[in-house]
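Given chain A's structure and the hints, the job is docking chain B onto it.
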Amino acid sequence: MSNMVNVFFYGKKYEVPGDLTIMTAMEYAGYTLKRGCGCRHGFCGACATIYRIKGDNTLKTCLACQKQVEDGMYVASIPFFPTDKRTYSINDIKPTQQIMMELYPEIYSCIGCNACTNACTQDLNVMQYIAYAQRGELEKCAEESFDCVACGCCSVRCPAEISHPMVGLLARRLVGKYIAPETAHLVARVEEIRKGAYDDMIEKIMQKPITEMKELYNTREIEK
Amino acid sequence: MFTAEMYESIKKVEATREERMKTEPRRMTAEEKDELLKTYHPDYRAAGFDEIKVGPNKGEKAPKELAELLHSNSILLTEKVDLSKIDYDCDVLVIGAGGAGCSAAIEANEAGADVVIVTKLRIGDANTMMAEGGIQAADKENDSPVQHYLDAFGGGHFAARPELLRRLVMEAPDAIKWLNDLGVMFDKDEDGRMVTTHGGGTSRKRMHACKDYSGAEIMRNLRDEVLNRKIPVVEFTSAVELIKDDKGQVAGAVLLNMETGDYLVAKAKTVVIATGGAGRLHYQNFPTSNHYGATADGLVLGYRIGAPLLYQDTIQYHPTGVAYPSQIFGALVTEKVRSLGAMLVNKDGEAYAHPLETRDVSASAIIRECANGKGVDTPLGSGVWLDTPMIEILGGEGTIEKRIPAMFRMYLNYGIDMRKEPILVYPTLHYQNGGLEIGGEGFTKAVPNLLVAGEAVGGIHGRNRLMGNSLLDIIVFGRNAGKAAAAKCKDVVIGEMNIDHVEAYAKELEAAGLNTGKTSPLLLPKYARHER
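Chains A and B, in that order, give the protein sequences.
Numbering follows the working numbering, with no gaps: position 106 of the first sequence is 106.
Convert by adding 224 to the 1-based position in the second sequence; the result is the number in the working numbering.
No wet-lab data here; the hints were simulated from the structure.
We put the CB at the ideal spot given by N, CA and C, even for glycine.
Hints should not be assumed to be uniformly reliable.
To be verified - Here are the simulated DMTMM-like cross-link-like pairs (lysine to aspartate or glutamate), alpha carbons at most 20 Å apart as the crow flies:
1) B:Lys364 with B:Glu414
2) B:Lys401 with A:Glu191
3) A:Lys214 with B:Glu387
4) B:Lys309 with B:Asp469
5) A:Lys34 with B:Glu483
6) A:Lys140 with B:Glu414
7) B:Lys364 with A:Glu182
8) B:Lys454 with A:Asp84
9) B:Lys429 with A:Glu221
10) A:Lys140 with B:Asp411
11) B:Lys644 with B:Glu621
12) A:Lys94 with B:Asp405
13) B:Lys257 with A:Glu212
14) A:Lys177 with B:Asp413
15) B:Lys257 with A:Glu221
16) B:Lys288 with B:Asp274
As the list claims (entries may be wrong) - Rough simulated footprint, nothing fancy, chain B against chain A, three-plus residues with beta-carbon under 8 Å:
17) 18-25
18) 28-41
19) 77-90
20) 169-180
21) 183-189
With the rest of the complex left out, here is chain B:
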């Protein structure tokens, strides 16, 4: 199902395969990596960013599309909602029903709190569901949480908040055990040892997986557990604004029924923002591996009520998104494909870089190859080869079907047998490294009783995230947020509720001379032809 030109290039990939497989490509030096990132990584393209003009991060830069949302008013500036008519009254309001939100809800429920989850799509419609490759934890004899810390800290360019990273690595084994006890089917050998592999930038093989449905397997267990516990889940209902009280604490959220257009009021003693990422904002026109609802809603809600962002200017482009065929353009090709041995190869059949550099380095190297005419042309741009037949040679026949069945199925659907032919990849917008700033307990520092968990948090990973540390962070920080929220709500007394910050923010925007003509959060991307 490739074009004639692609088949010509495949011949070169096949011709060099045997020779390539004899040696492992050299890893880049620190200097080489820095130079490559500066020249080719999208985070360094000034045209992709704007300065934030209002709020706590005023003067810093953010991706243009995010800055526009931060520079827009709340829909509630014109729509009037009666805050005295309470539709939901609870201890803990969780906004978002992905991995972080569900983990938080389960732990808060376990601690005896009265929890409500709201989500703009369905429970489980989240990036968690789509995480393929795995989840890190230092639980083997040759590994330790300290080694995990070093890998993540270095991979994140020494920018992670130590307090947060400490929790991530120290609580990782317990997170795996918690999931295992819920019923998650990890890949194990017959003695119960976890089957673990490398990810880009790991120094030990600590990637635990559930085939290449790792996130899906985790998410469906969490979802089932939420439902078993009878935690109320209000689906197709977005949070469009947070509510404060006269003491300045968060006190709930105004919700929008996505289907009827009705506004609803949720009153809550603590609020957990677990709204996930921003891939659907398509920064710098990149395609995305993210789910339909990844529009940075939580960042906007948190920012407008006064919570600062951290590292909002660093974005992860996953090196291997689908470059061809166009029907699945931008879909994720799990890093596990490289963990299992597939090399990245340019159009001339050269393995131009080590396949398991960190994601930012790997993505930049692909962009470099394509910019320098070493990419293979596709209808939507260009790409490099991921030499998947190597997996079958290295691991034996059947390895692909057994270890990465989702990838195999996705390509076979379009007549490409990745066991026999390599596949074409190009970076895809995958993850927001930054987000709302939190302390170790999960609370924002500026707004009392407001917590954040999951991809909406900034600072856990620094300026680049390693594979397998996101599934980990949603569990670790989701659970912590749920426990902390449940403990905190016991001594919260809510005062008079208001959304005065909406007007205050509007005045700031006006004073800064900003008028985007739009409202935020975005809620859903504009994909219908007449909306584009």
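Next comes chain A alone, as it looks inside the complex:
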């Protein structure tokens, strides 16, 4: 059995096994989670959490599902953060520097404090991707922000009140739709199907008896 540690949820002390994550430790302590719990595997950003270890003044951020508890940890989860998403029609906007200026002008108020990067639970270089967005370097912004789970810890800490995850998302959508090269083989296949090129073949295979399908399946050639 692992060692027990003392942690403080919203200031209240609980003794929990030291090998748990913050999320499972809260459940061990008796919490039934509603907010602050989503995929439980580090992909959804629902469990943004702030903590401080007793005796250390550094305020830290993490995902509760990915962070192991430590002795003397003071924990508060962030149930909701009012991220400021601007709405737009993806079909009507263009991948330009101006679009960032129009939709998220506050990025130009960045004071370069790097608090966003320090707060990132995914260890992304957040300030850098905001800098790329300022300069209209959308591909670089998209690439740098790609692993963002939109937990919002960056925005919580930002003195310029930037909603970083929304800026990254806009850049990625613009890159995915407008800047990345078009896929000719995809466009061609969609058109072939639309014209009915596979209709007969698919009808035929649907009608085949199971014994014949088994034979076809078990002897099919597999691309190396």
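Frame of chain A, contents of chain B only:
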């Protein structure tokens, strides 16, 4: 960060690596696969199942935990709700805000319908967000929808409904294009060609990906699009019962505000169940790769109002869940790790099976190795090695960070560098192959105006699903459901609303002598210590 015993075993894995890499492990014959599944696959463990005693699938089996929910009463048997006080009135009510629900909502909105989405957690808190490896579509020159059909039909043990599988494969390229046009950043080369790989059981490399955040990238685009379209999303609000009218059509749902405990009434001309999977029911005590809300709610709601299930007794255990460390026990290790070249290796360093057999076969083979003392002991059980350093040797240094950054990050968090050391895996409860039965247009056959999309559907994949066909199915069937619901609602007139089926169901349960003492749907798993 491994134990001393694990490091001993790693030495054997390293010792055999060079030799192993010279040959591709043999694929099993059809007979060998059948035998392996019968002996080791959890679907064949009779103790894990109960007979369904009431309703349209009476006499068939279901996992015990699901059967218990089907054998429980609605909370509304005792809680009284005034159905005449309408809180939401819409054309299309979408229950669930994952990939299928959001796709349905976007298409219904596009078609001009008045849509409301309700979801018990947040929009995007769904298995879609966690899908890592990719999405299939036959869009390359050496491939065709017919080949895709054959792979999926055979991989699903020849049990898929042809009508549904046809749609899946024929509409796959258009689904990819739709996502690309929304702004999804697929992995492409500089000429725009998709970077595609194999998945278990594919005969062509047709797995499209967005690094190993494929589902997350798709989900965040869909979510953003829903919000841009200003489609109302009612979060932290569960559907606890469907409403019918006096003509027997579905007419909406009773909702529960998860935070305040208030009941709300949503009236709708069509209802789309897009509630996803059931991993959090922990069938046969397996850990799960699923999100917190995966508790089969939609199956229960649909079944109680009269919609039959299909293949509810077939469950997918993803071969490679995390076996160690315990903090991330059961988390998904994407199949893409094997697509990129990592072999499955037992404690003695033997590559005991081809790494890209279908998931049910691959999972069974891992269970076999562990049952026969060829697994590596872990604090929570045992596991086999996934030889990840092979990826860097095959693809060059940096491949892991570039192609599977989420996996790299997850392990590094616990001091394991998967570029240099193999990782320990064991099957994890991943997907419900079965669900509510639908026709090609997405409607249930028993309840008018009730549609189902996504993981809550049964029959698309048969009795086993191939990697990359689930992200595909939520898009294809989500979009179709949205379009069909929007078209249908134009000629729906709702009559007197009621939930009489709740009492009728209670009488059936009583007549069958069933009393679980619980209510369903479950809504959230019971993880707090005092609830376990």
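Against the structure, the hints come out as follows:
no.: 1; hint: B:Lys364 with B:Glu414; verdict: 16 Å, holds
no.: 2; hint: B:Lys401 with A:Glu191; verdict: 11 Å, holds
no.: 3; hint: A:Lys214 with B:Glu387; verdict: 18 Å, holds
no.: 4; hint: B:Lys309 with B:Asp469; verdict: 15 Å, holds
no.: 5; hint: A:Lys34 with B:Glu483; verdict: 8 Å, holds
no.: 6; hint: A:Lys140 with B:Glu414; verdict: 15 Å, holds
no.: 7; hint: B:Lys364 with A:Glu182; verdict: 14 Å, holds
no.: 8; hint: B:Lys454 with A:Asp84; verdict: 14 Å, holds
no.: 9; hint: B:Lys429 with A:Glu221; verdict: 12 Å, holds
no.: 10; hint: A:Lys140 with B:Asp411; verdict: 15 Å, holds
no.: 11; hint: B:Lys644 with B:Glu621; verdict: 11 Å, holds
no.: 12; hint: A:Lys94 with B:Asp405; verdict: 13 Å, holds
no.: 13; hint: B:Lys257 with A:Glu212; verdict: 19 Å, holds
no.: 14; hint: A:Lys177 with B:Asp413; verdict: 15 Å, holds
no.: 15; hint: B:Lys257 with A:Glu221; verdict: 18 Å, holds
no.: 16; hint: B:Lys288 with B:Asp274; verdict: 5 Å, holds
no.: 17; hint: 18-25; verdict: holds (count 4)
no.: 18; hint: 28-41; verdict: holds (count 13)
no.: 19; hint: 77-90; verdict: holds (count 5)
no.: 20; hint: 169-180; verdict: holds (count 8)
no.: 21; hint: 183-189; verdict: holds (count 6)
In this structure, none of the earlier numbered hints is contradicted; all agree with it.
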